[in-house]
Amino acid sequence: MAKTITLEVARYRPEQEGEPAFENFDVPLNKDWVVLDALNYIKDKLDGSLSYRWSCRMGVCGSCGMMVNGEPKLTCATFLTAYDPGPIRVEPLRYFPIVRDLVVEITDFMSKLKAVKPWIVRDEEKPISEGEYLQTPRQLDNFKQFSMCINCLCCYAACPVVGLDQHFIGPAAIALAQRYNEDSRDQGKEERMDVLSQHDGIWGCTFNGECTRVCPKNVDPAGAIQQYKIKAVTDWYKSLLMPWGKK
Amino acid sequence: MKQSHAYTLYHPKWYRRRVSTWWWTQQWRSFKFILRELSSLAVIYFVALLLWLLWSLGQGEASYRNFLAWMESPLMIAFNVIAFLFVLYHSITWFNLAPKAMPVRVGGKRLPDWMIAAPNYAAWVVISVVIAWFILGGN
Ligand code: FES
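Residue numbers (the working numbering), protein chains in the order written: chain A, 1 to 247; chain B, 1 to 139.
The shape of chain B in the complex, shown without the other chains (with noise of 0.2 Å):
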């Protein structure tokens, strides 16, 4: 929008109030909604650790070996835990979240939010299990 309400010549008397930078701390579902936001983070660093892995598997049994050395270091293990509470958090809040951005309807009539949330979990959990049952069940 070219117009803007920060400031209208003539009228210098309204009275205008600042947004403070530290808003989403003051109301605790503000304060959900930037962790949410910051949890988007946690999801380009997972991205980031695949390619890093496939990258050493790639430059062969060492660099591998590295990697893995890398993962074992307890720094790295509290890390990856608190980035995968946060990737947990965006993805049931994603699939809450599903509904309200697709609502299906069927036969004139919109169906219920857990409808179209439900297939989504069991997505989820189908495919995460057949992914753990690749990894660990190969050896």
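Just chain A, with the same shape it has in the complex (with noise of 0.2 Å):
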């Protein structure tokens, strides 16, 4: 038989264990495998009620992070090469309420998401007979990293004060506030700023830099977060030293 390799897979199933569990499974350690395949070939193979999250398989949804051997990973960006000789421990994002298995209860994202309005927001359309809004390849530039984010939750799975302060409004929040203020058809960095500036805002934010160590797509929270407490910072002298002045 080829080479196999053991997944240590958390089993949570409300009905039948008060809490998370592991059980084991031998896959195939193919060489293009990665770990999202490995639970496939579970739920098609061996135990057909595991439960988990994913749909494009190609780092693009964002809806398979996972906890792979402690460390936050998009899972069908994971080889399970890699791990070789194995096991592989596989479990649920860190922080969020377990809702079956390895998938998770994002509501409180969503919430939070919500809050910092991540989409253009104008004082006033201009009307369609006007034509698009145009933008110079750089001041694409100035945000395109930031829009890479995919919501795939690796960074709060990996931010200590996400797990210390539920309140904490969070890195990617964060980032994709800071996609749309630094986007130059935007006019709404005032009403992020309302949310953005409070405690459970950016000053939750102790500069771990766990977030964009994990970040599958290089999004660079934690270099979003602390360039917004800078420009509170400056915007908050600038008011008080000249308090006439526009924001």
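Watch out, some of these pointers could steer you wrong.
Far from chain A by the CB rule (all over 12 Å, computed), these chain B residues [said to hold, decoys possible]:
(1) Phe46
(2) Ala98
(3) Val125
With a Cα cut of at most 27 Å, we get these calculated DSSO-like pairs of lysine-lysine [to be verified]:
(4) Lys144(A) to Lys100(B)
(5) Lys32(B) to Lys229(A)
(6) Lys13(B) to Lys231(A)
(7) Lys217(A) to Lys32(B)
(8) Lys217(A) to Lys109(B)
(9) Lys45(A) to Lys114(A)
(10) Lys3(A) to Lys45(A)
(11) Lys189(A) to Lys217(A)
(12) Lys100(B) to Lys45(A)
(13) Lys13(B) to Lys229(A)
(14) Lys117(A) to Lys100(B)
(15) Lys229(A) to Lys100(B)
(16) Lys231(A) to Lys217(A)
(17) Lys114(A) to Lys13(B)
(18) Lys189(A) to Lys32(B)
(19) Lys114(A) to Lys126(A)
(20) Lys144(A) to Lys114(A)
(21) Lys43(A) to Lys13(B)
(22) Lys231(A) to Lys117(A)
(23) Lys144(A) to Lys43(A)
(24) Lys100(B) to Lys217(A)
(25) Lys229(A) to Lys117(A)
(26) Lys189(A) to Lys109(B)
(27) Lys144(A) to Lys109(B)
(28) Lys100(B) to Lys238(A)
None of these hints come from the bench; they were simulated from the model.
No experiment lies behind these values; they were computed from the predicted model shown.
Glycine included, every Cβ here is placed at the ideal spot set by N, Cα and C.
Reassemble the complex: the two chains are provided individually, in unrelated frames, and hints are given to aid placement.
Here it is in structure tokens:
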């Protein structure tokens, strides 16, 4: 038989067990298999009751984030061979309530995300007849990195502040706020600042930097947050020194 | 945020894990992070020490000698060495983080991290040398 590797998969079936427990599965160690392929193999051949989220299997949809050997990872981009000879421990994303097996509850994140208005805010929309809002490549460059976020929530599972303070708005939401703040077509900076300059916003961050380290899309949320902090402080000084000036 | 996921009505079956108070001892990375957070206490300590020095100078010679005598005690020296190491760690990590917080763009391109960190280090060295020259070169 071909080489295999053991997956220790966290199971939680609320009707059956009071707390999560590990179950071992041996899967073929194929060179081109990622952890998600192994989970699909388990579901198809070994135990159809295993629950987990996935969709695109190509690092775009952001639904397959899980803890792999204690690190938040996109399981569709994490190769089994990197962990040879195993075992590989697969757990649901840290700090989120577990619904079932590897599926976590993310409503809390969704409401935090919505709070920062991650869309283009205009004081006034110009009529369609005037055409589209134009943008130069350099203007695009200002926020492009932050726009790569796929809401996989690996950064939340990496951030100790998220773990300790459930009210903290979190890395991805701030990075996405910054994505729109830096967009030349947007006019919603101040509305977002109202939410983000709170204690649970940018000031909750202690610049631990784990979010940036684990981000599978190189978004650098930690950088976004620190840049935001500097901006908040300079704005505050400006309004102190020149109260008549426009923010 | 107003909403909380600690308790959600009608969903008693969601499993919630508690973060241990000792979470930072589980990984070397988090341990280093907490050390860095603690190092700010050493920074505060040196500020207080400087204020104490200035204060005793202002009180006259006897008071200043008393301060110096304090500083010469082995306990104080040991304590200061440890606090100094913490401040050193604080400064180095601070300079390394600076490029992350303040990216500089020139001609639409982001400058590499070392180009922002290096002037910080250079300024640190120059200022330290000037101060040392003032203190040691004076007599
Ligand atoms: S399955 Fe879509 S990102 Fe992994």
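**Asked** Hint by hint, which ones does the structure fall short of?
**Response** Hint check: 2, 6, 9, 12, 13, 18 and 23 fail, others pass.
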